[in-house]
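Residues per chain are reported as follows:
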Amino acid sequence: MSLELLRLAAALYAVAAAGYLLYFARPRHTLAARFGGWFLSGAVVVHLAAIGLACKEFGGLEWFTLRGGFVLTAVLLAGTYLLVQRFYHLPSVGAFVTPLTLIILLPTLFGEGGAPGEAPAALKHPAITLHIMTASLGVALFGLAFGVAVMYLLQEREVKGKRFGALFSRLPPLDSLDKLTDRLVRLGFLSFTVAAILGAVIARSVWKSAWSWDPQQVSTLLIWLLYGGMVQARHLGWHGRRYALLTLVGFALLMGSIVTLRTVPGITMHAGEYKGPRAEVVR
Amino acid sequence: MNEPQLFLVGLSHKSAPIEVRERVALNGADLKAALLQLRASQGVEEAFVVSTCNRVEVFVQAEAEEAARRFFTSRAEQASDHLYVKVGADAVRHLFRVAASLDSMVVGEQQILGQVKEAYGLASGVQAAGGYMSRLCNRAFATAKRVRTETGIGRGATSMSQVAVDLVEKIFGDLKGRSILLVGAGKMGTLSAKALRVLNVERVLVTNRSPERGRQLADQVGGVFHPWAELEPLLVEADVVIVSTGAPTFVLTADMVRVAKKKRRHRNLCLIDLAVPRNVDPACAQLDDVFGYDVDDMQKVMSANHQARQGEAVSAEAIVEAEVIAFTRERETRAALPVLVTLRQRAEAIARAEAERTLAKAGDVLDERVRASIEAMAQAIVNKLLHLPTVKLKAAAATGESALAGAAAELFGLDQPSGSGRRDTPPNGAAAPAAPPPTEEDE
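These protein sequence lines map, in sequence, to chains A and B. Sequential numbering of the first sequence, starting at 1, is according to the numbering used here. Sequential numbering of the second sequence, starting at 1, is according to the numbering used here.
Simulated from the structure, these hints should not be mistaken for laboratory data. Computed from a prediction, not measured in an experiment: that's the story for all the values here. Among the hints, erroneous ones may be present.
[Claimed, not checked] Footprint (simulated), chain A over chain B, 3 or more residues, beta carbon under 8 Å: (1) 239–253; (2) 262–271; (3) 297–307.
[What the hints assert, rightly or not] Stretch-level coverage of chain A by chain B, calculated; a stretch enters the list once three of its residues show a Cβ under 8 Å from a Cβ in chain B: (4) 15–27; (5) 75–87; (6) 174–181.
[Unchecked claim] Think about it this way: if two alpha-carbon atoms lie no more than 16 Å apart in a straight line, the pair counts; the simulated EDC-like pairs of lysine to aspartate or glutamate are: (7) 162/A - 103/B; (8) 263/B - 237/B; (9) 160/A - 237/B; (10) 162/A - 237/B; (11) 160/A - 296/B.
Virtual Cβ for every residue (Gly too), placed ideally from N, Cα, C.
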């Protein structure tokens, strides 16, 4: 049932993406962007309902798998964009973010639709929900920043290369895109920091050690440092092209690490049984 | 005697050189006087004059175009060689095209609609324009609005300064809290600096080799003058630099910009070089965070926009054509209406008179109910008889065919003043105040 709802949400995302893309291609049709917004809101509502239903259906293990992570990230990405749009009103961003949401959601639409089972006993910690939500929100914000950074690079190529064509007139001004990327990265970093601290607290309580050189922990730290470095570099005057490129690198690393850690079996204790440090498993 | 119709006599940038245009162009009180003179001419019912720097066009609702032609020849004899004359639907089309900015020097420019509106306002103010011109002009304004909203004819900058504004807007969004620096006193630079004010510029800095000219310039663009020696520190402060000096060499070199860039902590810098020969080293544009444009780049944008407008003009012409047809049809339907009205009035008068006569002969034999039904019957016969002719006449008028209306007038003798063949005019007061609405009621 939750899978059907998720597919319905995906269909709504597709319609919203079509609306935004139509608006992008023919800016005269402002109605298309408005339709896109409505469908996107509808999709988010359906998507949230699907998540609620999945919690009941599968018991909770779902959210500790790659698939569950994608489902959460997609809804947060779309939801965050809707929120951002309230303040910035940049419907052309929708043409980039809505398809990205759909792409993230796509792999989850096929197959079983969720891993049935209770959340592992080791993870019965009060802060776990907040940990997962802030981590996913961080990923979603970085994803949004990624979309905006792509727009920045495209627009910079047009403006600097003196190509005053269709993209030039449709993409927002460079400065708006740059500022938006910066804010999204900051917010994402904040959210990611909260998730990391909570993660350490939880690890300390269930695995008896906050840091155990687990690949997940290492990659998270690296990504956290990268984004943290970006926030610092901003104060030193880094912006524009270099900043946008860093945003792309950060998100690519993030997605790469998520996919690797979830698909290679046994590589991290942040998957499957959550048994704790390997030493214990061996014993 | 001719039917009065719409005549246009005029000259524009397409037909006449500026020497002729400036001699016939009028405004203000002179234009009012000329309008009144036109209106007072023999055979002229209504008139209005569009007079701008690119065109002087006289529209008259008249029997002939003579009076309108005199408007020009009395002011400049050589004008007669450059005049064009359009009649009826052609004149309507011309006005619609002018208002929609399809006939402008820069197709799609926005000013002309305002100028036509002003011209109409002036003409109706002095009662030179009446009902017909009001309908005509309002239709022209509506057409212009449709063209503007339904096509992209007004889109894309077509002047150097507007292009500069567009470029800067794509980099910075707006210039709130930012400053622009004007280097040199070139005309294009000054115009662009003024145009950039729409982006809410915080400060305008001005520098020039000659301080006197520089101070003048600063007053002109509402900025602050800084001596030429401060050029390099100014580069650190400004976000948009417009350069148009008469210098034959680069005023801004790549090295200068590189140094400034560091001090600016890599904030974006936009360099617009409007001078020929160029004043900004093209190598500057290669630097990161620096966006440089020269006159050629700006020209490229302008010509691209120009082409786009030409493309949009095709769909604009289609809109104009549709509106011209709609307007002239409306006119003709209106023209057919008098025939219909007279025909119906005549027939109803006859019916009433005959009913009266019949009732008078019958005397008191008939009671009130029967009398009423006899009157109703007479009315019904008229309605039934006239139903089909009414429909046919309206349809013919709508397709622009006026022959049928003429034939009807001829056939029913509507041209003659009522009376002939109406020996039985009803006694005064016997006529009901208003005839019931035709056709619909009795079916």
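Structure-based check of all given hints:
1. 239–253: n = 0 at 8 Å, threshold three: violated.
2. 262–271: Result for this restraint: holds, n = 4.
3. 297–307: holds (count 4)
4. 15–27: Violated, because only 0 residues of the region 15–27 of chain A bring their Cβ atoms closer than 8 Å to Cβ atoms of chain B.
5. 75–87: violated (count 0)
6. 174–181: holds (count 3)
7. 162/A - 103/B: Given that 16 Å is the threshold and the Cα spacing comes to 31 Å, the pair is violated.
8. 263/B - 237/B: 9 Å, holds
9. 160/A - 237/B: 21 Å, violated
10. 162/A - 237/B: Distance of about 25 Å is beyond 16 Å: violated.
11. 160/A - 296/B: Holds, at about 14 Å.
When each numbered hint is compared with the structure, violations occur for hints 1, 4, 5, 7, 9 and 10.
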